[in-house]
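K.L.:
If you read the sequences in order, they're chains H and U. Count the first sequence with the UniProt record's numbering and you get residues 1 to 186, in order. Count the second sequence with the UniProt record's numbering and you get residues 1 to 169, in order.
Keep in mind that the hints are not guaranteed to be accurate.
Straight line, CA to CA, 30 Å or less: simulated DSBU-like cross-link-like pairs of lysine-lysine [unchecked claim]:
1) U:K142 - H:K85
2) H:K171 - U:K142
3) U:K142 - H:K47
4) U:K55 - H:K89
5) H:K89 - U:K142
6) H:K171 - H:K77
7) U:K102 - H:K67
8) U:K55 - H:K150
9) H:K89 - H:K174
10) H:K89 - H:K47
Just so you know, the hints here were simulated from the structure itself, not pulled from any lab data. In this text the structure is predicted, and so the values were computed from the model without any measurement.
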Amino acid sequence: MPPAAPRSGDAIFASVERVNAELFTLTYGAIVRQLLTDLEEVEEVNKQLDQMGYNIGIRLIDEFLAKSNVSRCVDFKETAEVIAKVGFKMFLGVTASVTNWDADGTCCSIVLEDNPLVDFVELPDTCQGLYYCNILSGVIRGALEMVSMKTEVTWIRDMLRGDDAYELQVKLLKQVPEEYPYKDDE
Amino acid sequence: MQFFGGSEISPSPSVPTTTGNNAHMIYVFNRNGVCLLYREWNRPLHTLNPQQDHKLMFGLLFSLKSLTAKMDPTSAEKGNLGVPQLPGQGCSFHSFRTNTYKLSFMETPSGIKFILVTNPRSGDLRETLMYIYNLYVEYVAKNPLYTPGTPIRCELFNTALDQYVRSIP
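Using the sequences plus the hints, can you model the full thing?
P.N.:
Right, here's the structure in full:
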């Protein structure tokens with residue numbers, strides 16, 4: 001019996017266990033609040049959120065691959081589409097779109113229409129440099145690193161800072177092929 | 001009071017037998033060659049010590065994958081033999097069979113490799129391996145006490161795996 005075909009984001013989102021959206025939002029808010037209290041510097045908090053996201057991403061990729069059954073993407077364009085259409089839908093329940101491809105297809109933007117992490121959130125004046133959703137950039141970076149792509153993920157537009165949408169820029173730095181890990185003389 | 005038919009009153013726990021348990025052993029590797037899990041249920045002959053055995057298995061699969069990808073008659077590009085490839089790219093073999101066992105293999109794009117050795121009459125075990133991957137996700141990837149890249153020491157995963165493998169036809 002051949003393996004099952006890849007499933008759509010909606011189908012998987014409907015079949016996984018879900019948690020209350022407010023609980024999720026408030027828990028994330030509590031994490032950011034605590035980090036701000038502990039670290040005090042906004043830049044440090046941004047870095048720490050990215051690192052936390054990275055640690056989540058390296059585990060999340062296996063869950064994503066197991067549940068969605070996607071096979072290896074042929075190129076980076078397909079990867080970005082899969083992240084936006086299947087990944088974001090499956091884990092956050094939001095639809096995202098991919099825009100702004102550059103000439104050689106290594107850099108794109110993922111635009112989120114809505115973002116469950118930021119419901120009820122307003123940034124005060126003391127935290128103006130904070131990327132509140134920086135955990136998402138870490139998650140994408142970590143997940144892609146486990147499928148041999150080194151990327152750089154940054155926020156271009158952030159509604160908490162006054163823009164009109166959430167836009168992440170994903171830039172592929174390089175693809176790292178698998179090498180035989182043992183040395184020949186061992 | 002006399003007891004008749006003691007076996008009906010207290011059911012004995014299921015014991016893995018050679019007829020009931022059709023899988024011989026399982027290996028799980030990550031992309032760096034670290035053997036994350038090795039479990040055996042039915043392996044009468046041991047030839048090498050565990051480290052050599054794992055390295056041999058990993059090397060075998062690495063070479064087989066490379067060979068099958070390069071010998072693909074339908075693929076357009078002709079790379080050089082030995083050039084490392086991205087995991088999942090090109091075609092990949094999924095099983096081989098000898099007269100005494102069948103070895104089934106599955107590699108995920110994240111580099112996790114599952115190898116299951118069963119009796120030679122087994123059918124296509126790709127669905128089985130996919131299910132085991134799902135078990136891995138549930139019990140290992142989501143386990144906060146597990147550090148990715150280290151050998152798996154999760155009892156729940158071992159139990160769930162044993163139970164599932166017992167049910168493979």
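K.L.:
Give a verdict on every hint.
P.N.:
Structure-based check of all given hints:
Simply put, U:K142 and H:K85 have alpha-carbon atoms about 23 Å apart, close enough for the 30 Å limit, and the pair holds. Between H:K171 and U:K142 the alpha-carbon distance is near 28 Å, which keeps this suggested pair within the 30 Å criterion. Distance restraint check for U:K142 and H:K47: the Cα-Cα separation of roughly 23 Å lies within the 30 Å cut-off, and the hinted pair is therefore satisfied. The hinted pair formed by U:K55 and H:K89 fails the criterion: a straight-line CA distance of about 39 Å is larger than 30 Å.
Distance check on the hinted pair: H:K89 and U:K142 sit about 19 Å apart at the alpha-carbon level, within 30 Å; holds. Proximity of H:K171 to H:K77 is assessed by CA-CA distance (about 11 Å); at most 30 Å being required, the pair is judged to hold. A C-alpha spacing of about 26 Å is found between U:K102 and H:K67, which places the hinted pair at or below 30 Å, so the restraint holds. A C-alpha spacing of about 27 Å is found between U:K55 and H:K150, which places the hinted pair at or below 30 Å, so the restraint holds.
Distance check on the hinted pair: H:K89 and H:K174 sit about 26 Å apart at the alpha-carbon level, within 30 Å; holds. Taking the CA atoms of H:K89 and H:K47, the gap is about 26 Å. The hint holds against a cut of 30 Å.
Hint violations for this structure: number 4 only, all remaining hints satisfied.
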